[in-house]
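Asker: As a plain string of letters, each chain reads:
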Amino acid sequence: MINRVVVAMSGGVDSSVAAGILRDTGHEVVGIGLQLVDSLDSVGTERSCCGIGAMEDARRVAESLDIPFYVLNFKEAFKASVIDYFVSSYLKGETPNPCVPCNKVIKFEELLRVAKGLEARFLATGHYARVVHDRPDGRYQLKKGVDPDKDQSYFLYPLSQEQLAHAVFPVGEMTKKETRELAEGLGLKVHDKPESQDICFIDGCSYAEYIEDNNGSRFTPGPILDESGSVIGEHRGLPFYTVGQRRGLGLKIPKPMYVTAIDPESNSIYVAPHGHLKREDCVLLDRVNYIATTGPKMPVRVTARTRHRSPEVDAFLVPLDEGTAHVEFDEPQEPTAPGQSVVLYDRDTVVAGGVVKRRD
Amino acid sequence: MDRGIYLDNAATTPVRQEVQDTFDEVLSGTFGNASSIHTFGQDAKRVLEESRETVASRIGAQPDEVIFTSGGTESDNLAVRGAAYVLKDRGRHVITTAIEHPAVLNCCGALEREGFDVTYLPVDLECRVHPDWVLDAIRPDTILITVMFANNETGSVQPIEEIGGIARQKGVIFHTDAVQAVGKVPVDVDDLGVDLLSISAHKIYGPKGIGGLYVRKGTTLDPLVYGGHHEKNLRPGTENVPGIAAFARAIELATVELASVKEHLELLKERLANGIQERIDMVHRNGSRDSCLPNILNMSFSGVDGEALLLNLDLMGIAVSTGSACSSGATEPSHVLLAMGIEPLLAQASLRFSFGRENTEEEIDRVIEVLPDIVKRLRGLGDSRAVR
Chain A
1 MINRVVVAMS GGVDSSVAAG ILRDTGHEVV GIGLQLVDSL DSVGTERSCC GIGAMEDARR
61 VAESLDIPFY VLNFKEAFKA SVIDYFVSSY LKGETPNPCV PCNKVIKFEE LLRVAKGLEA
121 RFLATGHYAR VVHDRPDGRY QLKKGVDPDK DQSYFLYPLS QEQLAHAVFP VGEMTKKETR
181 ELAEGLGLKV HDKPESQDIC FIDGCSYAEY IEDNNGSRFT PGPILDESGS VIGEHRGLPF
241 YTVGQRRGLG LKIPKPMYVT AIDPESNSIY VAPHGHLKRE DCVLLDRVNY IATTGPKMPV
301 RVTARTRHRS PEVDAFLVPL DEGTAHVEFD EPQEPTAPGQ SVVLYDRDTV VAGGVVKRRD
Chain B
1001 MDRGIYLDNA ATTPVRQEVQ DTFDEVLSGT FGNASSIHTF GQDAKRVLEE SRETVASRIG
1061 AQPDEVIFTS GGTESDNLAV RGAAYVLKDR GRHVITTAIE HPAVLNCCGA LEREGFDVTY
1121 LPVDLECRVH PDWVLDAIRP DTILITVMFA NNETGSVQPI EEIGGIARQK GVIFHTDAVQ
1181 AVGKVPVDVD DLGVDLLSIS AHKIYGPKGI GGLYVRKGTT LDPLVYGGHH EKNLRPGTEN
1241 VPGIAAFARA IELATVELAS VKEHLELLKE RLANGIQERI DMVHRNGSRD SCLPNILNMS
1301 FSGVDGEALL LNLDLMGIAV STGSACSSGA TEPSHVLLAM GIEPLLAQAS LRFSFGRENT
1361 EEEIDRVIEV LPDIVKRLRG LGDSRAVR
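First to last, the sequence lines map onto chains A and B.
So for the first sequence, this note's numbering puts the first residue at 1; every next one is plus one.
So for the second sequence, this note's numbering puts the first residue at 1001; every next one is plus one.
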């Protein structure tokens, strides 16, 4: 049996170290770089994870680790399951998280299929998360990375048991500092490369500009309304705004105002001063994926993370029909944006996660 | 160092020692600018013109009918666009085929955007265009026919001589991209009746970045690049004399050894094709059996992703291609195989094996030994989709 592992290599320090660790623990490592967008699309600066420059970094890392490396084309799948989703979600007035479908579909469906074709037992990525398989019920558990500042389990919650069974996250056991030190120890030039930021396929323009370019038409401006329903300003088009946003509203009133709701039906944005933000007791989640257990019948005690890096808050997860669930917060929370992911934990273990659904 | 088994000679070939010796000799010994009046320049000019004579003689042309370029793509551009621009006042119709190399196809696309009308002829199941289809497509405003000599993915050789006869009879300029054919099958510009013919050095054990365009006397082209008076004003820029000398050496060796190498290549090709067909079921051999280059074998492995096969073979030290090197990384199935009427899934289940003079029967046997297990395993993964 070949002890082969495929590593998704982005040229960044995390996936490079992942490849190095696996090589040094006796695995036959095959590095694969994912080409996700056309190089013409002005992607490829240092900070994005999928540009041509990044691929050349990955190639150099593979060379210095002496492992085979291939760049494979995933443009079509990426367009269909990440970019189109991102654009249409924003156009519906939602705030999507494109990293979530990228991990689920591009890495752990498309790339995993390639890995299996290469007789690899596992697919490894540079995520700060852990997969644990030690429970009597045999279920694979997804846990936070040990570095609390870097934990990326939030982006991995939709993975199925089958996907987790083939997933390895070597840097999940390490802190970022340890990763960088190890990169230096491995002689990798990328050890001090800056973190990738923002959305990898958008570079040099705002989300809204990108969506406008992709949508092929200009956005329609509309009213900004206060709590009483009076028009107090004009917005430039829904995709420029997200729930909770304060900056860039262009309102001519001294008090700071926050977006409380986005209504695609009437093309309106609702705002309120901070103290007046309607806090939510509960959010409705859609596309819920349960990891720790099969879908529970009863409410489960959890901590909820409503966006990447936001502190977790105490809540009950209340399972509903057809992949939906309620998250009932102990303390009312600032409003969450539809389209955003909410991930539910039992200490460091991911219980489940889902996407905030707009309430009708 | 073991460099593995290289079966991608249609993408490029290793430079052979004699060619490298010529290159090194000229690179260090004859550095002058061939346009200079002094002795250094004259030395370079002599090498340049001797090389031109050699290249011309190997394709049955006169020396002043050979223009040196940076390779096949530039030759195709100069021929197709250069001819179209000169003749645009006489007509704006160009005839080509659906299976051309992107160097020709994308020139045609550019011409279409500039107001030209392009007819893309289909091919039959064996990847061949029929001469009478060319004849039927000719209109009063047809100014150029461009049909490749041999296809780079399937190796199918086109009826160039017949098309040449038709073009001559109708008074239409005829270009052929012979990048894959030169050095593999006999090429004589007068027998073929072509006006323009593209050649590349790196497909015949020469260096990359050098090639040539045969331009029949009396055929005028617009240059694509402007500069000095080099290459009859068609291709300005100080000549790459070491590359040109190496190109001449490469084409000389390839054409002199053509018959014996052809026999060797055909033996390897049939050995691999038979070995695969004996050991693996549901395989299809693509392209023409009777009218084919000796060095290209294209096969489809039903239910398997060609790219997965390629990667598995590479990890075992065997280099093949899923199509042309220029389209690797593309998720789309080969435009050539689709034009032959092969369904997309089967087209994406294809591999191109292309042989070179250095390949051995032992290497072929190694491929025959490992390939069945890989195909069996990939078919057994239960993913009904042959492709990602």
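Hints are supplied without guarantee of correctness; some may be wrong.
Sample of chain B residues at the chain A side, in silico, Cβ under 10 Å [claimed, not checked]:
1. 1191
2. 1309
3. 1367
4. 1370
5. 1374
6. 1377
7. 1381
Negatives, chain B to chain A, calculated, CB over 10 Å [as the list claims (entries may be wrong)]:
8. 1124
9. 1125
10. 1135
11. 1271
Read the hints as simulated data drawn from the structure, not as lab findings.
Glycine is no exception: its CB is placed at the ideal position from the N, C-alpha and C atoms.
Asker: Compare the structure with each hint and give your call.
Answerer: Quick rundown of the hints versus the structure:
1. Given hint, residue 1191 of chain B at the interface with chain A, is violated; its Cβ is 42 Å from that chain's nearest Cβ, farther than 10 Å.
2. Satisfaction of the interface hint for residue 1309 of chain B is found here, the shortest Cβ-Cβ separation to chain A being roughly 9 Å, below the 10 Å cut-off.
3. Given hint, residue 1367 of chain B at the interface with chain A, is violated; its Cβ is 18 Å from that chain's nearest Cβ, farther than 10 Å.
4. Given hint, residue 1370 of chain B at the interface with chain A, is violated; its Cβ is 12 Å from that chain's nearest Cβ, farther than 10 Å.
5. With its C-beta approaching chain A no nearer than about 9 Å, residue 1374 of chain B sits inside the 10 Å limit, and its interface hint holds.
6. Against a cut-off of 10 Å between C-beta atoms, the interface hint on residue 1377 of chain B holds, since the closest Cβ of chain A lies about 7 Å away.
7. Here the hint on residue 1381 of chain B is kept, as its CB sits about 6 Å from the closest CB of chain A, short of 10 Å.
8. Listed as a non-interface residue, residue 1124 of chain B keeps its Cβ farther than 10 Å from every Cβ of chain A; the least gap is roughly 30 Å.
9. Every beta carbon of chain A lies more than 10 Å from that of residue 1125 of chain B, the smallest distance being close to 28 Å; the non-interface claim holds.
10. Its beta-carbon lying about 39 Å from the closest one in chain A, residue 1135 of chain B satisfies the requirement of being farther than 10 Å from that chain.
11. The beta carbon of residue 1271 of chain B is kept farther than 10 Å from every beta carbon of chain A, the shortest such distance being approximately 27 Å.
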